[in-house]
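Colleague: What follows is the residue order along each chain.
Number of protein chains: 2
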Amino acid sequence: MTQPFEDLFAFLRFPSVSTDSRHADDVRACADWLLAKLADLGLATELHETPKHPVVVARNTHLPDRRTVLIYGHYDVQPVDPLHLWTSDPFQPEIRDGRIWARGATDNKGQMLAHVLGVEQTLRENGELPVNLIFLFEGEEEIGSPNLAAFLHQQRDALRCDVVAVSDTGMVAPGVPTLGYGLRGILCCDAILRGPKCDLHSGLFGGAVANPAAAAARLLASLHFTDGRVAIDGFYNSVRPLEDWERQMWSEVPGVSDADFLQVTGSPSLFGEPGYSSAERVWARPTAEVNGIGGGYQGEGSKTVLPAEAFIKLSFRLVPDQSPLDIMQQVTRHLVSHCPPGVTVEVRPGHDGKPYLTDPNSKFGLAAQAALRTAFHAEPVLIREGGSVPIVQTFREILGADTLLLGLALADAQIHAPNENFPVENFEAGIRLNQALLNELAR
Amino acid sequence: MTQPFEDLFAFLRFPSVSTDSRHADDVRACADWLLAKLADLGLATELHETPKHPVVVARNTHLPDRRTVLIYGHYDVQPVDPLHLWTSDPFQPEIRDGRIWARGATDNKGQMLAHVLGVEQTLRENGELPVNLIFLFEGEEEIGSPNLAAFLHQQRDALRCDVVAVSDTGMVAPGVPTLGYGLRGILCCDAILRGPKCDLHSGLFGGAVANPAAAAARLLASLHFTDGRVAIDGFYNSVRPLEDWERQMWSEVPGVSDADFLQVTGSPSLFGEPGYSSAERVWARPTAEVNGIGGGYQGEGSKTVLPAEAFIKLSFRLVPDQSPLDIMQQVTRHLVSHCPPGVTVEVRPGHDGKPYLTDPNSKFGLAAQAALRTAFHAEPVLIREGGSVPIVQTFREILGADTLLLGLALADAQIHAPNENFPVENFEAGIRLNQALLNELAR
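Chains as they are written, first to last, in the numbering used here: chain Z, 8 to 450; chain Y, 8 to 450.
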């Protein structure tokens, strides 16, 4: 096995599960291994303690008049259960069928180590890097990065940079280099509907008082028009329309046709906002989604209860230029004003994150495209992501830098699931990508 | 303590919990005690085995040209948990504040034993009963009487009677004798809505496919108009309108005003079909009720999942002359035809029972009213019940006899709940009621 794979396997063997306190020492050992690897490259390394898992920072000697590039990644991983569904041990990496199988292979150890090994390769070839480099690797991404924003604030001068690069998103299809230039934001909230003071017998009282589960259903139904559009007053007011060039471009992106969405989801049919393709709906249009609903009897068979309360859990995916705070106000106003008679509604705001959008054809965007072209020997596609990566907006707000999303994850990478895997060719392309990227960003 | 209370306490001490197989011997011992008590009265007794708990039958010597009256009751009880909420041991009866406290005190041992002791009193006073009497006591009412219909079929000649009397329903208020002459029927069903083949990430897919939880809400909301009326096509077609005399009569019944319903339920406000009082809505109008709804994330906080499926559990309370089979067809047609796009719906019929209505001013109804007047020294009120007692319809179908519902349960009797209780005065009135009832029915 060549050195890059020996390094990756060593990195993958640490069960650095950040959410599980029994693995705290493993997370720490993984950070120490990473620190030693970076020091071996000749970089200046720092281990920063946080209330939980440490942040690892490394940099070359910075020179004036060179671009400063911050590469972000995370060395923590998701839990592995259900363990019995894994074909091989999640922390004993194997190569089978051209893929590396292990927890973290794609998310994010494989993608982030490709950047480290790209830097190693460049240093071996040239003795120096073409840019001022900052590696920023955290150990808490899988638990929501609770300490990273505070760390960025505290270290904002030391971490000042021209641009950020992250490989922690997806490629639309194997062999198709993908540059992400947008992310949806998010807003979560719960609502509880309350009626009678306790569960009632539906025979003795049914008909005389409102049923909170029926009221929850009516309230939820009021969130959408029947054609799928969100019916909240003002919801689309700040939505930036899709550009013609985006729609044209996306119509040619492989792997994201309506037929692809139908096949991947297994839904009986597609359904969404009229006038948009599936990719447009997911990447550039906002949603109101029910993540959970519950009330009354949940067991087998029937129980003739009129429940005292019911809950709904909502999340809204937001697009530029929607503001989570404004939308929360609109949602609250809607839920309160549409609450059916005979029940009360309590709305509880949850976490949120702003949407993100940058220009894929800015000078850094063009540099990223060129690097992708070089690494993959193919023309890159430019997409937005339907998911939310709040740290990207935090980089913009605290460090003043935009982020290049250079995802190497395939749709069947099984991230967060059993049998996570990463194609050997994507790992090798990631190493080339890092080398080309730093060269292009240096121009 | 006088003999009636000694008998009642002995009866209440048996933990005859029919649903719990660990109490099977207790149910049997309770049946044996009852059998011995009835034999002591000089009645001919029979213990009939069923696949589970036995049926106890007792009768006096039947003479031709006398009315035959069947009195039904049940000697099994509900479980007692949560035990720690009981002020005194559920199977060590106590008298406090003028009430008897024990599991089964009201439901149904107290009410049914009052009939037994009324017969004992009459026999002591007169040496004979004015009617041909059949006591029919089962041990499986609290588990849905799974073997009673078959028993009635098998014994239909031996159990032939002119009228049935049951004390297992409610009084509208303390001291107000109550004759029930109607019951709502019931129809239960479930529906499952299915969308994508597995739970999806609401960021990566939200907007492109229908959400089964949102679809379930929209489907549920379609069941009612916003004013509370059921929106299922044909639902009200067979509903027998309330008679003017019923509406007039019910408007004067104590304890069931709109203000009473508001106070008892604790709902923020009343809500139901326009044009009817709460009592009319519950006793004489049909409903479509959500007993349970569930889908997606049920835990604390948020999880941005787009669930693969959602379920709804429905029950319909039916009134004369609605047919459960017809309504099930209408409901299925409605759910299928209103299923939102992008999901499928599967409808699963559940159990059902027909509504019941008889004439409170028939000769037997008038006899029951006279008996109630005698027992309580007050004018009886005539009501229907919102609940469903399917056995009453079974008596009509198999034995050809109508049922007099002579309920002695108060609203705060805590049946099926901790601290079940029965007023001493209702127990004593029940004994008088039985004596007066048999006299009146004999005329």
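To be clear, the hints were calculated from the coordinates, so they are not data collected in a lab. Some clues are possibly wrong.
Because identical chains share one entry, a pair is satisfied inside a single copy or across any pair of copies.
Mimicking SDA-like on lysine to any residue, the simulated pairs with C-alpha atoms at most 25 Å apart in a straight line are [stated by the list, open to error]: (1) Lys310 - Glu135; (2) Lys59 - Val246; (3) Lys204 - Ala238; (4) Lys59 - Val179; (5) Lys44 - Gln400; (6) Lys204 - Glu404; (7) Lys59 - Gln128; (8) Lys370 - Gln305; (9) Lys310 - Gln85; (10) Lys310 - Gly235.
Computed from a predicted structure; not experimentally measured.
Colleague: For every hint, state whether the structure bears it out.
Modeller: Results of checking the hints against the structure:
1. Lys310 - Glu135: Cα proximity of Lys310 and Glu135: none, with 72 Å in one copy and 45 Å across.
2. Lys59 - Val246: neither (38 Å within a copy, 66 Å between copies)
3. Lys204 - Ala238: neither (31 Å within a copy, 27 Å between copies)
4. Lys59 - Val179: neither (34 Å within a copy, 62 Å between copies)
5. Lys44 - Gln400: For Lys44 and Gln400, the Cα distance exceeds 25 Å both inside one copy (29 Å) and across copies (81 Å).
6. Lys204 - Glu404: Cα proximity of Lys204 and Glu404: none, with 47 Å in one copy and 39 Å across.
7. Lys59 - Gln128: Close neither inside one copy (32 Å) nor across copies (79 Å); limit 25 Å.
8. Lys370 - Gln305: neither (56 Å within a copy, 46 Å between copies)
9. Lys310 - Gln85: between (39 Å within a copy, 15 Å between copies)
10. Lys310 - Gly235: between (33 Å within a copy, 22 Å between copies)
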